[in-house]
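Undergrad: This is what each chain is made of:
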Amino acid sequence: EDQVTQSPEALRLQEGESSSLNCSYTVSGLRGLFWYRQDPGKGPEFLFTLYSAGEEKEKERLKATLTKKESFLHITAPKPEDSATYLCAVQDDDSNYQLIWGAGTKLIIKP
Amino acid sequence: NAGVTQTPKFQVLKTGQSMTLQCAQDMNHNSMYWYRQDPGMGLRLIYYSASEGTTDKGEVPNGYNVSRLNKREFSLRLESAAPSKTSVYFCASRWDTIYFGEGSWLTVV
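Top line first, the protein sequences correspond to chains A and B.
Heads up, the first sequence is in my numbering, so the first residue is 13 and it goes up one at a time.
Heads up, the second sequence is in my numbering, so the first residue is 159 and it goes up one at a time.
Bear in mind the hints are in silico, worked out from the structure with no lab data behind them.
Heads up, some of the hints might be wrong.
What follows is a list of derived Cβ distance ranges for each label pair [said to hold, decoys possible]:
{"no.": "1", "chain 1": "A", "residue 1": "75", "chain 2": "B", "residue 2": "198", "range": "47 to 57 Å"}
{"no.": "2", "chain 1": "A", "residue 1": "53", "chain 2": "B", "residue 2": "209", "range": "29 to 39 Å"}
{"no.": "3", "chain 1": "B", "residue 1": "188", "chain 2": "A", "residue 2": "36", "range": "44 to 54 Å"}
{"no.": "4", "chain 1": "B", "residue 1": "228", "chain 2": "A", "residue 2": "80", "range": "38 to 48 Å"}
{"no.": "5", "chain 1": "B", "residue 1": "218", "chain 2": "A", "residue 2": "66", "range": "42 to 52 Å"}
{"no.": "6", "chain 1": "B", "residue 1": "246", "chain 2": "A", "residue 2": "65", "range": "26 to 36 Å"}
{"no.": "7", "chain 1": "A", "residue 1": "73", "chain 2": "B", "residue 2": "168", "range": "32 to 42 Å"}
{"no.": "8", "chain 1": "B", "residue 1": "231", "chain 2": "A", "residue 2": "106", "range": "25 to 35 Å"}
{"no.": "9", "chain 1": "B", "residue 1": "168", "chain 2": "A", "residue 2": "66", "range": "43 to 53 Å"}
{"no.": "10", "chain 1": "B", "residue 1": "255", "chain 2": "A", "residue 2": "15", "range": "47 to 57 Å"}
{"no.": "11", "chain 1": "B", "residue 1": "172", "chain 2": "A", "residue 2": "63", "range": "40 to 50 Å"}
Simulated crosslink set (DSSO-like; lysine-lysine; CA at most 30 Å straight-line) [claimed, not checked]:
{"no.": "12", "chain 1": "A", "residue 1": "118", "chain 2": "B", "residue 2": "229"}
{"no.": "13", "chain 1": "A", "residue 1": "80", "chain 2": "B", "residue 2": "167"}
{"no.": "14", "chain 1": "A", "residue 1": "81", "chain 2": "A", "residue 2": "91"}
{"no.": "15", "chain 1": "B", "residue 1": "167", "chain 2": "A", "residue 2": "54"}
{"no.": "16", "chain 1": "A", "residue 1": "122", "chain 2": "A", "residue 2": "54"}
{"no.": "17", "chain 1": "A", "residue 1": "81", "chain 2": "B", "residue 2": "243"}
Here are some, though not all, of the chain B residues that point toward chain A, as calculated from beta-carbon distances under 8 Å [as the list claims (entries may be wrong)]:
{"no.": "18", "residue": "198"}
{"no.": "19", "residue": "203"}
{"no.": "20", "residue": "208"}
{"no.": "21", "residue": "248"}
{"no.": "22", "residue": "261"}
As the structure is a prediction and not an experimental result, all values here were calculated from the model.
The C-beta atom is built at its ideal place from N, Cα and C for all residues, glycine as well.
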């Protein structure tokens, strides 16, 4: 059964303190892994899509990496405005549309 | 650009009442989704529409119906609401990337 687990559930960092969020997944074949950011009271906002192990993508202070079993979202020198819940989802090769979503990691950056 | 627009933003229903959530997208996407989001759980798919005139059940379709009225619009009807339907509902559309609406907060009392 396809599964996505995100850890930690919550992470509190000081401004400038770099860290990583984890997304572990189980699928028969990976079509794509997606990272989203969600602010309170808003819909998820797309960040990255990764397709194959070894792939990396960057956007400002965020960098997403992918292995055959997990993905990391690295946050370098975060700022308070990076505070949000970060969601991970995977699409199995067998599905044309179904994504399996993790429960998210709530990131709080203190000034 | 409006993207994906959902209405209403907030709704309170009494147990047994019915209502329809409206969704429209202006990105000319074929695929549209309805999800619900509950605390501590990932987004769960209620219904999916691959194109105008087609709909498929997702993980949690019981108690819901959908209509893909045209390419732009995909509505979700909640029949005879129960407190278990209290949730945040998101409509989304997709070409390659999934784009979400702002959400509809539904409380059933």
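Undergrad: For every hint, state whether the structure bears it out.
TA: How the hints compare with the structure:
1. A:75 <-> B:198: 47 to 57 Å: With a Cβ separation near 27 Å, residue 75 (chain A) and residue 198 (chain B) fall outside 47 to 57 Å, so the hint is violated.
2. A:53 <-> B:209: 29 to 39 Å: holds (31 Å)
3. B:188 <-> A:36: 44 to 54 Å: Roughly 31 Å apart at Cβ, these two residues miss the hinted range, so it is violated.
4. B:228 <-> A:80: 38 to 48 Å: holds (41 Å)
5. B:218 <-> A:66: 42 to 52 Å: violated (35 Å)
6. B:246 <-> A:65: 26 to 36 Å: holds (33 Å)
7. A:73 <-> B:168: 32 to 42 Å: holds (33 Å)
8. B:231 <-> A:106: 25 to 35 Å: holds (29 Å)
9. B:168 <-> A:66: 43 to 53 Å: For residue 168 (chain B) and residue 66 (chain A) the Cβ distance comes to about 44 Å; the hint holds.
10. B:255 <-> A:15: 47 to 57 Å: At 23 Å between Cβs, range violated.
11. B:172 <-> A:63: 40 to 50 Å: holds (47 Å)
12. A:118 <-> B:229: Measuring from Cα to Cα gives roughly 35 Å; hence the hint is violated.
13. A:80 <-> B:167: Roughly 39 Å separates the two Cα atoms, so the pair is violated.
14. A:81 <-> A:91: This hinted pair holds, its Cα atoms lying about 29 Å apart.
15. B:167 <-> A:54: Status holds; Cα separation ~11 Å.
16. A:122 <-> A:54: Since the Cα atoms of residue 122 (chain A) and residue 54 (chain A) sit roughly 21 Å apart, the hinted pair holds (cutoff 30 Å).
17. A:81 <-> B:243: Between residue 81 (chain A) and residue 243 (chain B) the Cα gap is close to 34 Å, so the pair fails against 30 Å, i.e. violated.
18. 198: Interface hint status for residue 198 (chain B): holds (6 Å vs cutoff 8 Å).
19. 203: Status holds, d = 6 Å.
20. 208: holds (7 Å)
21. 248: Status holds, d = 6 Å.
22. 261: holds (5 Å)
Hints 1, 3, 5, 10, 12, 13, 17 from the list above are not met by this structure, while the remaining hints are.
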